[in-house]
Every structure is written in structure tokens, then in C-alpha cells.
Amino acid sequence: MSQKIINPSTSVAPAKHSDSTGYDYTIGPQQTLPNAPSLSKATTSLPSVYNESLHASARNPQVSLAAYAFLFQELVTQARNASKSVSEIELRLHRNGYHLGIRLLELLNFRSSVSPGSKNFFKPGNSSQGVNVASSAFQEDSLAQGIANMKRRDLRMVEILQFIHGTVWSYLFGRVGDDLVKSSERENEFMIIDNSPLLTRFISSTNVQCDFFVCGIIEGILDSASFPCNVTAHSVPEQNFDQKVVFVVRFEPQVLEREALRS
Amino acid sequence: MSSSTNNTPVPSTSSKKSLKVFSDDIWKNKTAKINAELFTLTYGSIVSQLCTDYERDFAKVNNQLYSMGYNIGVRLIEDFLARTALPRCDSLARTSEVITICAFKVFLNVTPQVGNWSSNKDSFSLFLEENPLSEFVELPMDAAKELWYSNILCGVLKGALEMVQMDCDVWFVNDVLKGDQTTELRIKLNRVLKDEIPAGED
Amino acid sequence: MAIQTILVINRSGGLVYQRDFLPSAAKLTSNEYLILAGTLQGVVAIASQIAPKSLQISAKQGAKTGSELGDATQTVPYVGSLGSSAASAADLGSFLGPDFFNESFTSWNTKGLKHVTTDQNSLFLYQTLTGLKFVAVSTQNTTNAMAVSIAENLLRKAYCLYADYVMKNPFYEPEMPIRCELFDKKLGELVAQL
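Chains as they are written, first to last, in our numbering: chain Z, 1 to 263; chain R, 1 to 202; chain D, 1 to 194.
Hints were generated in silico from the structure; no laboratory data involved.
Heads up, none of these hints are tricks.
Below, computed lysine-lysine pairings styled on DSSO-like, alpha-carbon distance capped at 27 Å:
#1 LYS244(Z) <-> LYS185(D)
#2 LYS121(R) <-> LYS188(R)
#3 LYS27(D) <-> LYS114(D)
#4 LYS111(D) <-> LYS194(R)
#5 LYS16(R) <-> LYS194(R)
#6 LYS60(R) <-> LYS84(Z)
#7 LYS188(R) <-> LYS145(R)
#8 LYS145(R) <-> LYS60(R)
#9 LYS244(Z) <-> LYS33(R)
#10 LYS33(R) <-> LYS17(R)
#11 LYS121(R) <-> LYS17(R)
#12 LYS60(R) <-> LYS178(R)
#13 LYS185(D) <-> LYS33(R)
#14 LYS194(R) <-> LYS114(D)
#15 LYS20(R) <-> LYS188(R)
Bear in mind that the values here come from a model prediction, so they are computed numbers and not experimental data.
Using the sequences and the hints given, assemble the complete structure.
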């Protein structure tokens, strides 16, 4: 290979990842030219990580809700053990959710802009090892196209909230949220309503609000979309929906200012 | 009061095939499901949080993942037994089938391969071709050396087997995330805790 | 058959859950329930020791020849979803409807205690491989096989609810008394369907 990268900041031997063109935090972004031999090599040796994750809607992978519920209960237990107060537990769950949220915006936006017709382009199809160079170059092509045709960024509060209430909710929980309401009292306040939250459905209500995990997801998405805000969860039991939760989104004042400039 | 009887046999014998049919049916028709990426991402956030909390001391992270898995295992076994009502395994070979064909299928929708039996048949390996925990994961260089990213699985198996009175050691031998050719998990049966088997069984 | 009481006994014989469903029925004190739980734990163990040898041998042979359908005494037939279909369309947690399970299942508790009958009541016991015991007390004296099957189905469903609403609750400490609102509620619904 032509460019051998000298790695100044770490003593760890750059083992098997040295061929990767992916981001490596010890080196920083690496430049690769399209069609450079290293690129085709990387895409053939690592067919899945960078490409397939974009088109997972085609294969729709699932695990059992039970497996998730056990992982989630252990996540809550860990947060409990590490915390001294209820608000600290909620803060930790929020932080875990935030970690997910910041990863979802661009991915879901990309996926939702791929029209059903072009999905065939992206189908991992024979995603097994045998992807030849030609077809992976073809994939790269259609990938670039997909990015070019991507839905434009949501710039208004209502649009981005509809994205969360619709696209994000469907992705996470398999159905859209139950309602999206604007507060009548405060300009910057919106409410996303979930009548039967999936992740906490096995948890009998306590003074700890485990749905703060989902608050973190929402806040992570909104933050990465440049809508700084604060999200909290509140139980509002009703006759038919005794686990109903309202997620209250409060945007920072600058979001309102920006919105006013655009109108 | 309405009642109907359905005499579909439960695979009570060593028939591997009927176990597969039985398990696939449970996965397909009797198990609520959730997006596997949410599962992957949630687990990722747990591991990365631990790496931060333990200041990238990966030996400690491995231990913590194992103990979290153990806590899950002792609970998860009840779900597994309620869901499948499978009887006690009469041999370790049968246990290996139930773990791979049934348990992994029903919870994670994957079926690892069993292999590398020791000569005295007290230990075997699971080869995970697919692993929903580590989908889309690449380890940073410092972690690739020491971190067993999916170590929670060892804890789950340890805890679950202990609850059905099997004292086992469970550990990872290889992981593709570390550059190995396969992801291999080893289970060694130390002894069956006979005194703790509930009364009433043969 | 009306269910009067449901109990859950942990691996070491401690009572972790007790609930009365009939307000009219005579009640035991909580101390008496604790004694009942401990007694059952002991009786199950003794019963398995005094099971006639001939029975033990035939059960073992049945297991060895491995007949697919199993011995009639070992397989519990599935009893269809109880009550109206509207009720059974209810939320089954991590299980997909129309019911928690829909096949016959093996009762491996071949030598231990399964049910006790008096002139007034029957007591049914379902033991899991982990050593948990689910106990139901009904207000009928019955020895017929159908009633026993119904009770075993009911108790396995209670076990399914336990798996969802107790085991998946991070605020429940294993082996401790169960205080989970959702478990109470779902168990109430299950019993009400009978």
C-alpha cells in the first residue's frame, strides 16, 4: 500500500484494522480517493459494517422483546446501584438513551428518504463474503445517489417532532406515537404521548421514571438536529391506559427565535 | 368453560429435529419481538458507558459485563422455562442442543453451532456466526486487545444454567471483533448440583 | 371451579406471594400462610420419597424408551383459552396471543405432590425446574383429571406472568416477597377469566 500511516500517539500496535479506511480515533480521519485500491479492498473485506447498516430495513432484524426487557431491567438495576437519588438514576438512564439518539438522526433520515423502488439497489442481497469489486463499486455509486436524494433536513419544530413521533417511533417501537400536542400555555413546549410504552411495560410503577431512557433518545436526536431542548417523562395513568406516559419537550429560547426569523 | 386439547408432542426425547420445529414455532408464533438494532444500540451504550466509568480498564469492564449477565441469567431462565416448559436435559449433549437450537433462537433469533467437545464430554464450544449484540461494532485498538465485547452472554449462560442446578464455567475463547476467525464461547460443566434439584423429579 | 387463593413459594420454601380472590372465603393469617408454604415444601419432598417403587420404575422406563407422547400421567393437555375471546385478546406481554402457549406440555413432577383434596377444597401445585412452586386453592373438592389439567394450565400461565411482570422488573429483588402492581393486576385478570 502506498500511504503507510505513521501513528505517533499510541503504543498499541495497529493490528488487523490497519487496512480499514474507517475512522480510527487514534489516527483521525483518513483520506481515501474513490477507486483507490485500498477502498475496494476495504469494502470487500468489510462488506457489512458501513453499507449494510444503511439498508437494514430490507432485512428487518428482530430479537425477542423478552431479551430486550431483560437487558433493560439490568440497565436500570445498574443505574440504581450506581446512584444515590431518584433523579440520579433518571439522569443515568437519560444519558444511555442520549447515546442512542445522537446515532439515529442521519441514519433514519437517510432510510426514510430511500424510495421503495430504489431499495433494490441497497439490498444487501448476497451480503456474504463474495461481494466482488464491481458490485461493491456499484453499491458505492447508488449510495452516493441515495445521499444526494436524501430528504432535506427538518428545520421547524413541528417537522422534527413529527419525524420523532412518526419515523423514530416506528423504528424503535414498531408503531407511531399516540399523539403529538402543542402546549397551550407555553410556546416552546410540546408533548409526545405514548399510551403503552414498550420498554417499560413490565415495570410496575415506582417513584423512578424509567422512561427517561426514551427522553434521552429524543433529546439526543433533537440535539444533533440543532434543536437544543430538555425532555422529561411523566406518567399520566388513564382508565384504559394505566401506563400512559407523556414526554414533554421544552425547546431552548434560541430555537423559538430562529423559528420566528424563518416565518 | 371451553377447553380443547391439542396433542402436539413436546420434544421430550433426543430428537433434534423436533426441537428445532418446536423452537421455530415459539419464535415465530408465540414471542413478541422488537427491533434488533435497538437491542444492539442499547447494549452498545451500556458497554461504552462502562468503558468510561472504569476509565478503559477493560478487565474490569469484562467482569462487570459478566456479572450483569449473571443477574440476567438467573431471571431469564424463568422466562425460558415458562415459555417452553421443556423437561430437564438428560445429558450435556442435550443441554447444548437446547441452548443453541431453542434458547438462542427464542431470545435472539440466531442458532450458534456446537463443536469442539472435550474427550470426556464435559465441555463444548458455541460458535456464533451471527451475534445481535455486536452487529455493526468495531472495537477501537486499545479495546481490541482486552475487551470481550459480548461477555454478558457468558454471564447469562452461567446464571441460567446454575438455576437449573448445573455448575458451569463459561468464557469466550475467540471473538471476530478481536480479529479472530470465529466467535467461540466455551462451556464447561463442573458438576450437577444434585442436592438442589427440587424434590419430585426422577 | 373458583380459585380462592394463589401462592408462590420460592426455592427455599419461603412464601413470596399470597393473594385471596374470594372476599367471602375464610382467611388464614399471614403467619399461617407462611407455615402452609413451609409445610408444602416439606411434604413435596417426603411425597417424592414415599412414591411406590413400582411407579418410579415405570416412570423411569417411560422416560428411557422415550415415547414421544409420553406417559398419560406425564403430559398435561393444553386447556384452551379460558373465558370469552374478547378477554383473551388482552395484552399478553412478551407472549403473542391468542394464549400464552397452545400445546400440551410435560409435567416432570412425577413423584412429588401435585394435588390435595378435602371435602371443601382442592389444592394444586405446579413446580418449576428452578424449584419455584405455584399453588392454587380452589373451592371444590375434585379429583378428576380435567380439573387437575385446568389447574396446571392456570398455574403455568401464572408462571408466564411471573416471568414477565416479576422477573423483568428491575425493582424486584430475587427470592424476596413480590410486590408488583402489574403482576397483581394481570393475575387477577387471569383468575377472573376462569
